[in-house]
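Full structure from sequences and hints, please.
Protein chains: 2
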Amino acid sequence: MFDKETYAIRRKKLTEKIQHGLIILSGNYTTPFNYASNTFPFRQDSTFLYYIGIDEPGLIALLDTDNGEEYLCGEEPCPDDIIWTGATPTLAQFADMSGINKTINYNQLQMIISKACNKGRKIHFVAPYQAQVSITIGNLLSQHVEKLKSIQSSDLIHAIAEMRKIKEPQEIAEIERAVRTTAIMEQFVIDAATDPACHESENSIRAALFRIFLKEGFFYSFPPIVTTHGEIFHQPFASKERLQKGKILLADIGAESGSHYAGDMTRSVPVGGKFSPKQKEVYNIVLEAQKTVLEVAKPGETWLNVHLAAARIITEGLKEIGIMTGGTDDIINEGAYAMFFPHGIGHLLGLDVHDMENLGEDNFGYSETIKRSHQFGLCNLRYALELKENMTLTNEPGIYFIPYLMQKWKAERRFADFINYDKALKYSDFGGIRIEDDIVITPTGCHILGMEVKKEF
Amino acid sequence: MFDKETYAIRRKKLTEKIQHGLIILSGNYTTPFNYASNTFPFRQDSTFLYYIGIDEPGLIALLDTDNGEEYLCGEEPCPDDIIWTGATPTLAQFADMSGINKTINYNQLQMIISKACNKGRKIHFVAPYQAQVSITIGNLLSQHVEKLKSIQSSDLIHAIAEMRKIKEPQEIAEIERAVRTTAIMEQFVIDAATDPACHESENSIRAALFRIFLKEGFFYSFPPIVTTHGEIFHQPFASKERLQKGKILLADIGAESGSHYAGDMTRSVPVGGKFSPKQKEVYNIVLEAQKTVLEVAKPGETWLNVHLAAARIITEGLKEIGIMTGGTDDIINEGAYAMFFPHGIGHLLGLDVHDMENLGEDNFGYSETIKRSHQFGLCNLRYALELKENMTLTNEPGIYFIPYLMQKWKAERRFADFINYDKALKYSDFGGIRIEDDIVITPTGCHILGMEVKKEF
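Heads up: the protein sequence lines correspond to chains A and B, in order. In this note's numbering, each residue's number is its place in the first sequence (first place is 1) plus 840. In this note's numbering, each residue's number is its place in the second sequence (first place is 1) plus 840.
Treat each hint with caution, since some may be false.
Any copy, or any two copies together, can satisfy a pair, since identical chains are not distinguished.
Once the Cα atoms are required to be at most 25 Å apart in a straight line, the calculated SDA-like pairs of lysine to any residue come out as [stated by the list, open to error]:
1. K1266 <-> I923
2. K987 <-> E1197
3. K1295 <-> T930
4. K989 <-> G1285
5. K1080 <-> D1257
6. K1138 <-> G1113
7. K852 <-> Q933
8. K1263 <-> Y969
9. K853 <-> L1148
10. K987 <-> G898
11. K1138 <-> N1043
12. K1080 <-> R1017
13. K1211 <-> Q950
14. K987 <-> Y969
15. K853 <-> G908
16. K1228 <-> T1142
17. K1295 <-> Q1027
18. K989 <-> A932
These aren't lab readings, by the way, just hints derived from the structure by calculation. Predicted model, so just to flag it, every value in this text is computed and none were measured.
Written out as structure tokens, the structure reads:
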């Protein structure tokens, strides 16, 4: 947690932007595993962390934008809880950590909200993603949970996103801590997989990563992906078979710092230590695309243009090795490159690994002038607007050979002028390569966060 | 997953017990971490696993007890999902794995249920513990989520519990696998903590345990407790400080097998390798209580009596070292021993570590003749009824010195005739000792599951 001034200042800025009505900031609940009292680790809502900072379940903050009053709503701990879970602060002590001086219980909160509703005051909230929060907010507003999305406050979403997308120095320091632990995890993957005598499996490497981030007192920012099937983007499965020499092991992993800032890195590593010439060719294209991002990304440039600059490098590289053919501009404009690079060049990074995804990417990542593309691949770009100083993002180009997609598009003769399917299908057992670092936008460009992790094999 | 016959037979038994109406068995959903698509590992509902076996989110089974028809309800995978998560079976393929031959979507399910409701047929379901399941069941039955508990089917709960509480041989084999991995984890704790040059912390040992169970492709059955504050039962915190020689490290940990059966063991270990004479005295009482359970537990005996037999050993032991005084029968009857042993002697173990806790312990652990005690401590006994062959339980006596409780009771002069507070308070920095193994009830007694893990230090 930062000092209480930080949260008070952030809340002041937020209420000034909203001007009228009440703001509900709901924290998360613990979620049951297989019965109510056996739970997953608690993860606080990121917006609640940003404005309130208290890392405890079952809390709701209420901000009155008209008179500046702030309330923290929750249950008081029961004295005998000390036997089961040790001593915990009182609600007032928690509130004080965040610079809030009024505490209320759920019934009091309900009364304040009812009164405000009766007076026709606007109640601002963000539609919850956690079902228990939906139930609570639905009850507070006397609305069916499935209606909440349609009555959430677009003003509140924009105000939150505008603040959260530019990071404070103390936030960048926290992201850097998360990235540093992520780098240690990647280094473990590299050492294990490049060992010519490697006896590890995808699963055993993945298991070892948990030890690394948990030892720091950290968690993961997303479930670690450790796979020789890099062409499956969110591969949920990690094989217990011994890694096969000659394969490419892709590890897309992220630690989350104790204060819940995310790291997110990917390395694609030759099992046994050396890429084949065929692998190396593709790898070098991805590496060049990644370097291009570092050159292009700077304040004033749009992230969409950065994406397209990387797509250009990938296109030209694939043309050079004979997998694509035709005019680079046409390939880019029509989106044919997305067969091999079907995701965005990167995303905002912060308290969430896909920062603020729950607020709706279109609400902060696109605008009236830059609208989300309908093109396959480019439609997955999570942020497209201008870069500004102190934004933090991932830089993660990739090239993948997805047998399902190659066969389907070939059958449809899709982009037959641009894609050499006979050549591409020879890469059907290639897998995929992605190289990912985290960057911060500086006054004149950008730089990589955390420490350098080997990228040349 | 077991073979499909297993599930078909179990469902047939269940529907025969229920006789009339529809049974809804709802599977779980994945639960979000910090936004909808960033989720905790999926954990299927245990009752769904028992009768259906399919380890996938978002499924509902419907059993018609009148005509024997069985339906699996879910969404078909979208073909392009293959790019993101790899190939997945179709709904019909999933259904077939469980021996179900009809698949329906959510709207069809809703229609079947509406029709049954209109005809006045009984709809049997268990009140959900997962909020998203509550929302779904609430919508299906047009009921507010908070009403579900009051209209759940007591018949269904009893029928399920009657079946799940006696384990099939293949279930016992799975529990044994989980216990075996749990034993490897405990052995790690013992080796780390008893090393005279120990550099580990509670947190670093806890982190290492994740590597062990994840490497097996297992998960935990509950969040591991690794603490030198054994007197805090569900200590959520693991210190990053180096372990202090002379402390007792309590590790209450459990692996969950790939098929989701739980292990649950505790060892209390001298940091540095040797107990002090004072620690050894208390430890030996707990060890004797644990051995007593092994002698007493057998078919026909109630688990309540087993608890009381262990309580007797603990009482006599504490009298011997001067912490308690007075008549053993009185101490037991009045519950004074619970100051130092404030939890039950053990609980049922199976697909849940506290098996079937979500069904309500009073529904299967107590009866008209054996009602839950209101006594401090004994009220925490999770199961009290007769033992039967092939029940699996934990055997976990403990002695704890809880400063908060000792000070409070002393001030209240509670049980002043039985507790020597001056002596007891000298143990204020002692912590707690618990020793836990998992047992199965045999035709003539019981035996410990898994492999023996060191208990003598």
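So, going through the hints one by one against the coordinates:
1. In this assembly of identical chains, K1266 and I923 lie within 25 Å of each other by CA distance solely across copies; the values are 18 Å between and 64 Å within a copy.
2. For the homomeric pair K987 and E1197, the shortest alpha-carbon distance inside one copy (20 Å) is at most 25 Å, but the shortest distance between copies (33 Å) is not.
3. With identical chains, the CA atoms of K1295 and T930 are never at most 25 Å apart, being 49 Å at best within one copy and 39 Å at best between copies.
4. Taking identical chains as interchangeable, the C-alpha atoms of K989 and G1285 are never at most 25 Å apart, the minima being 37 Å within one chain and 58 Å between chains.
5. When the C-alpha separation of K1080 and D1257 is checked against a cutoff of 25 Å, the pair qualifies neither within a copy, at 41 Å, nor between copies, at 60 Å.
6. Taking the closest pair of Cα atoms, K1138 and G1113 never come within 25 Å of each other, the shortest separation being 35 Å inside a single copy and 58 Å across copies.
7. In this assembly of identical chains, K852 and Q933 lie within 25 Å of each other by CA distance solely inside one copy; the values are 21 Å within and 55 Å between copies.
8. In this assembly of identical chains, the alpha carbons of K1263 and Y969 never lie at most 25 Å apart, being 44 Å within a copy and 53 Å across copies at closest.
9. Proximity of K853 and L1148 under a CA criterion of 25 Å is satisfied in neither setting, with 35 Å inside one chain copy and 61 Å between copies.
10. For the homomeric pair K987 and G898, the shortest alpha-carbon distances inside one copy (22 Å) and between copies (21 Å) are both at most 25 Å.
11. Taking CA atoms no more than 25 Å apart as the test, K1138 paired with N1043 passes in neither setting, with 38 Å inside one copy and 41 Å between copies.
12. With identical chains, the CA atoms of K1080 and R1017 are at most 25 Å apart between copies only, with a shortest distance of 17 Å across copies and 31 Å within one.
13. In this homomeric assembly, K1211 and Q950 never come within 25 Å of each other (Cα to Cα): the closest approach is 39 Å inside a single copy and 38 Å across copies.
14. Proximity of K987 and Y969 under a CA criterion of 25 Å is satisfied in both settings, with 13 Å inside one chain copy and 22 Å between copies.
15. Only within a single protomer do K853 and G908 lie at most 25 Å apart by alpha-carbon distance; the minimum there is 11 Å, versus 62 Å between protomers.
16. For the identical chains of this complex, K1228 and T1142 are intra-copy neighbours only, at 9 Å inside a copy versus 69 Å across copies, given an alpha-carbon limit of 25 Å.
17. For a Cα distance limit of 25 Å, the shortest separation of K1295 from Q1027 inside one copy, 10 Å, qualifies, whereas the shortest one across copies, 39 Å, does not.
18. Taking the closest pair of Cα atoms, K989 and A932 never come within 25 Å of each other, the shortest separation being 32 Å inside a single copy and 32 Å across copies.
Hint compliance for this structure: hints 3, 4, 5, 6, 8, 9, 11, 13, 18 are not met, and every other hint is.
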